[in-house]
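The chain contents come next:
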Amino acid sequence: MFGFSRSQSIAFVLMVVLIVVSPFVLYPVFLMRVLCTALFASAFNLMLGYVGLLSFGHAAFFGMGSYVTAWTMKFWHVDASIAIIFGGATGAAFGLVLGYLAIRRSGIYFAMITLALAQMVYFFCLEAPFTGGEDGIQQVPRGYLFGFIDLSNDMTMYWVVAAVFVGGFLMIHRIIHSPFGQVLKGIRENEPRATSLGYRTDDYKLIAFVLSCMLSGVAGGTKALVFGIATLTDVHYSTSGEVVLTTLLGGLGTVFGPAMGALVVTSMENYLAQAGAWVTVIQGAIFMLCVLAFRRGIIGEIGAFFRLAL
Amino acid sequence: MIMIFGIPGPLLFGQLLLGLINGAFYAMLSLGLAVIFGMLNIINFAHGALFMMGAFAAWMLLNYVGIGYFPALILAPLIVGIFGVILEKTIISRLYKLDHLYGLLLTFGLSLVIEGLFRNAYGSSGLPYRIPDVLQGATDLGFMFMPNYRGWVVLAALVVCLSTWAIIEKTSLGATLRAATENAPLVAAFGVNVPRMVTLTYGAGVALAAFAGVLAAPIYSVNPNMGSNFINTVFAVVVIGGMGSIMGSIVTGFGLGVVEGLTKVFYPQASATVVFVVMVIVLLARPRGLFGKAA
Amino acid sequence: MTISRRSMLTAAAMLPALAPLRPARAQSPVIKIGVLNDLSGPYMNTGGPTSVICVKQAVEEFASANGLTVEVLSADHQNKPDLAVSITRQWFDRDGVDVLMDVPTSSVALAVQSVVKEKNKIFLAVGPATVALTTSQCSPNMITWVYDTYMLAKSTGGAMVKAGGDSWYFLTADYAFGKQLQSDTTGFVKAAGGKVLGSAAYPFPGTTDFSSFLVQAQSSGAKVLGLANAGGDTVNSIKQANEFGVNKSMKIAALLMFINDVHALGLDVAKGLVLTESFYWDLNDGTRSFTNKIRPKSPNNWPNMIHAGCYSATLHYLKVAHAMGAAEAKKSGVDTVNRMKQMPVEDECFGKTTIREDGRHLVPAYLFQVKTPAESKGPWDYYKLQVTTPADEAALPLAEGHCAFIKA
Numbered sequence: 010m011f012g013f014s015r016s017q018s019i020a021f022v023l024m025v026v027l028i029v030v031s032p033f034v035l036y037p038v039f040l041m042r043v044l045c046t047a048l049f050a051s052a053f054n055l056m057l058g059y060v061g062l063l064s065f066g067h068a069a070f071f072g073m074g075s076y077v078t079a080w081t082m083k084f085w086h087v088d089a090s091i092a093i094i095f096g097g098a099t100g101a102a103f104g105l106v107l108g109y110l111a112i113r114r115s116g117i118y119f120a121m122i123t124l125a126l127a128q129m130v131y132f133f134c135l136e137a138p139f140t141g142g143e144d145g146i147q148q149v150p151r152g153y154l155f156g157f158i159d160l161s162n163d164m165t166m167y168w169v170v171a172a173v174f175v176g177g178f179l180m181i182h183r184i185i186h187s188p189f190g191q192v193l194k195g196i197r198e199n200e201p202r203a204t205s206l207g208y209r210t211d212d213y214k215l216i217a218f219v220l221s222c223m224l225s226g227v228a229g230g231t232k233a234l235v236f237g238i239a240t241l242t243d244v245h246y247s248t249s250g251e252v253v254l255t256t257l258l259g260g261l262g263t264v265f266g267p268a269m270g271a272l273v274v275t276s277m278e279n280y281l282a283q284a285g286a287w288v289t290v291i292q293g294a295i296f297m298l299c300v301l302a303f304r305r306g307i308i309g310e311i312g313a314f315f316r317l318a319l
Numbered sequence: 172m173i174m175i176f177g178i179p180g181p182l183l184f185g186q187l188l189l190g191l192i193n194g195a196f197y198a199m200l201s202l203g204l205a206v207i208f209g210m211l212n213i214i215n216f217a218h219g220a221l222f223m224m225g226a227f228a229a230w231m232l233l234n235y236v237g238i239g240y241f242p243a244l245i246l247a248p249l250i251v252g253i254f255g256v257i258l259e260k261t262i263i264s265r266l267y268k269l270d271h272l273y274g275l276l277l278t279f280g281l282s283l284v285i286e287g288l289f290r291n292a293y294g295s296s297g298l299p300y301r302i303p304d305v306l307q308g309a310t311d312l313g314f315m316f317m318p319n320y321r322g323w324v325v326l327a328a329l330v331v332c333l334s335t336w337a338i339i340e341k342t343s344l345g346a347t348l349r350a351a352t353e354n355a356p357l358v359a360a361f362g363v364n365v366p367r368m369v370t371l372t373y374g375a376g377v378a379l380a381a382f383a384g385v386l387a388a389p390i391y392s393v394n395p396n397m398g399s400n401f402i403n404t405v406f407a408v409v410v411i412g413g414m415g416s417i418m419g420s421i422v423t424g425f426g427l428g429v430v431e432g433l434t435k436v437f438y439p440q441a442s443a444t445v446v447f448v449v450m451v452i453v454l455l456a457r458p459r460g461l462f463g464k465a466a
Numbered sequence: 165m166t167i168s169r170r171s172m173l174t175a176a177a178m179l180p181a182l183a184p185l186r187p188a189r190a191q192s193p194v195i196k197i198g199v200l201n202d203l204s205g206p207y208m209n210t211g212g213p214t215s216v217i218c219v220k221q222a223v224e225e226f227a228s229a230n231g232l233t234v235e236v237l238s239a240d241h242q243n244k245p246d247l248a249v250s251i252t253r254q255w256f257d258r259d260g261v262d263v264l265m266d267v268p269t270s271s272v273a274l275a276v277q278s279v280v281k282e283k284n285k286i287f288l289a290v291g292p293a294t295v296a297l298t299t300s301q302c303s304p305n306m307i308t309w310v311y312d313t314y315m316l317a318k319s320t321g322g323a324m325v326k327a328g329g330d331s332w333y334f335l336t337a338d339y340a341f342g343k344q345l346q347s348d349t350t351g352f353v354k355a356a357g358g359k360v361l362g363s364a365a366y367p368f369p370g371t372t373d374f375s376s377f378l379v380q381a382q383s384s385g386a387k388v389l390g391l392a393n394a395g396g397d398t399v400n401s402i403k404q405a406n407e408f409g410v411n412k413s414m415k416i417a418a419l420l421m422f423i424n425d426v427h428a429l430g431l432d433v434a435k436g437l438v439l440t441e442s443f444y445w446d447l448n449d450g451t452r453s454f455t456n457k458i459r460p461k462s463p464n465n466w467p468n469m470i471h472a473g474c475y476s477a478t479l480h481y482l483k484v485a486h487a488m489g490a491a492e493a494k495k496s497g498v499d500t501v502n503r504m505k506q507m508p509v510e511d512e513c514f515g516k517t518t519i520r521e522d523g524r525h526l527v528p529a530y531l532f533q534v535k536t537p538a539e540s541k542g543p544w545d546y547y548k549l550q551v552t553t554p555a556d557e558a559a560l561p562l563a564e565g566h567c568a569f570i571k572a
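Listed in order, the protein sequences are those of chains G, R and Y.
Heads up: take any position in the first sequence, counting from 1, add 9, and you land on our numbering.
Heads up: take any position in the second sequence, counting from 1, add 171, and you land on our numbering.
Heads up: take any position in the third sequence, counting from 1, add 164, and you land on our numbering.
The hints are simulated quantities; they were obtained by calculation from the structure and are not laboratory data.
Please note: incorrect hints may appear among the correct ones.
[Stated by the list, open to error] Footprint (simulated), chain G over chain Y, 3 or more residues, beta carbon under 8 Å: (1) 244 to 250; (2) 253 to 264; (3) 272 to 280.
[Stated by the list, open to error] Interface residues of chain R toward chain G, partial, derived using beta-carbon atoms under 10 Å: (4) 262; (5) 406; (6) 447.
Just so you know, even glycine gets a beta-carbon here, dropped at the ideal spot from N, CA and C.
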């Protein structure tokens, strides 16, 4: 089911168990942050791990999703589910526009163009009145889900976020293991050959990009709901860098890598908040270490050790 | 007073000149990036951090060793260039066999480490660096007061950029470099030590960034964030100019500085975005960049 | 085997994240103060580690001598509202923190104050500038301690106008703080019969080159250049203003500037500048004594009004906690803050002062002028006092603030 191999199914069950058990042991708000980051990283991994395109501007989609969800919750008083859907739709819309411009190039150029386009989105957010500039959109109510589930309770919110994450996770996995996903893999392996077989590779890449951006928007929207705030940090290039780090550390192109990466990176940020400037240094050092010696990432290394694909 | 489009002439010319100065920095930085990319096929994300190191090197030379501005113009690029050579030999060379994207990621991580370390050591307030006495003061050009130092910056940048271009395009050393970019094994077969050339090229690109840093030190406070403020715009410049062309980087750099300066006159809030807007237009009309070679 | 190894590895990875959910409860109640500020960015020197040192100084002086157990936590909010909200929630929910201290950067302060209100804790807002904290966003759980945009506008702006600066051009950081500062100052300029000839708003953060805006300012013909910005931006704008000779044709009003910024600029660039702070280390015996205590712990960064404010606020809070008893003080933020407002404040830094009902600690505003290098006789000897605005006049009148929880 969903194309999981046996070991992956076991790992998936384990992950679900952890998700169910952990809020009773750890601080739920921290866990919700981990889950939002994990969804964002999984969406990002769709592009990098499976299509082979490094987008250095994914924060634009995450952040715009965050802003739109925050705005619709605060000013239009919609249902939480509608707000998150709006967030996802915003991510997809931006993904379509930015993707259309960037897909023409690949490799490093793609990375640089996405970075520059995301910068433009950042500056737009800086100026546009609706984003609240440096203040951001604050005091966003958690509201109700489907009209009757009160989300202001942390535990209730946690289950909703967990459901969103697992749903998104399964959706990504389904995409990868569909015929569409096979074509994407083919494009990553050898694009000219795929073109020669008659596939319009740019269209496939764009669709994958839009899907990835949509889920990033959902992740951003959920995050805005949990913390009640949407700020410029969500669209800043350091957030883009962070999601790359998360995915790289967890394991590029693995199923569970992004989630593991999210756990490690969020924990690290949490516990290093006291150390001030060292957070940046350590993040950079981890980046470098991963690229030089640890390219498979945590899950990748575990998988290689057991000769499993995780 | 002449009025052009409702803006006083003096103001307009003043802004154009200022835009040229900004453009000088864009040109030097994108030139360094282009040189490194040409030889190593690596996007040196650490370029901003190395630019910052150049400024800090000049500051340290002044405050710890007592060496002033003009010697620092030569020493700082040398010092940072050597650091770049060490970096290349120990870390960056390991990436050549890998996908180009890893180079981007590695240098991104490197920039975080360098900036974080300097921020730890020196804080973010910024350290003062005095304009050298001989370049102090301003000249009355009739339409504006131009600080002499800024004029010097444009001049120095032009000289350095054009010399670099001349070396690469017009000398035999440059020809060898260009040949090695296209076909390294063949050039090596001719007895040229290609790895050493690669290392020195990286060092040279880094030195260019550091030179720009020394030029920038008296204008902006010497602070660890000065690199990241520039680097994102420089990337856009590079995309617009097209990565393959040296002259393209120079022309685009100066040109975009001027465009930015003009935007500041007519619509200041957009001055940060205008470079990216230009990039979008160029991407739609001519994806390989204004001067780039076909992808 | 796969499963058990995997779960072991995952559990090991999660170990660092493990922390008990129950709030800390010691035998005798431990008072916890959380200092949240910018430890690594542009406001590192004007707040940062030195603020933490000052808080700890107050704790050292008062706590054990009076039977209080106090713990000081610190974290870096990196000027990010969402990170600050996250840290604040965790501190309150998980770590049992009672008082949130400092929090510079107005947007961050605005974000966390609603969390403080929600959890009924205490916010001693020493760092942020926006006057909104005692007006539209006022809260019974919060006290602003050393300054706000109104005070800066009245003191620096007012003084400039009195000295003949009746036409202004603003260079403004295009975000809430800059705009607020510009609008407050404009109010004073106009009230004194002056006019604003124009303004330039620049993208914040990230702008390091102000030359084009300065050229515009020069061509406007205004007598005063008002800098509605802070930190690195102020330092850069002043340096560049010097370069372009703007300081020869216009007077520069640095609407928010600290002694640490003067130190960063150097006296030959900063000389003659006029600015407002509510504390200066060399003002009187009390401030000197305080500074001598802090100097050995922070030799490269001498205390400014924010640092002194952290010390003063901590000391006052501890005095009140001692009077109420630690357990009572921890129960309700609103009640403890009310007690703090009732008890008069007295310390070395600010002398005898009071706290107003809307949460504004009333301190005098001192207008300083930066000395020339020749006038400076020792390290950090930077200021000469020009005008003192008494405490009750330096703050926005209560009636004009329309603070929601004050009954008229």
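Hint check:
no., hint, verdict
1, 244 to 250, "holds (count 6)"
2, 253 to 264, "holds (count 4)"
3, 272 to 280, "holds (count 3)"
4, 262, "holds (7 Å)"
5, 406, "holds (5 Å)"
6, 447, "holds (4 Å)"
Going down the numbered hints, you'll see the structure goes against none, and every one checks out.
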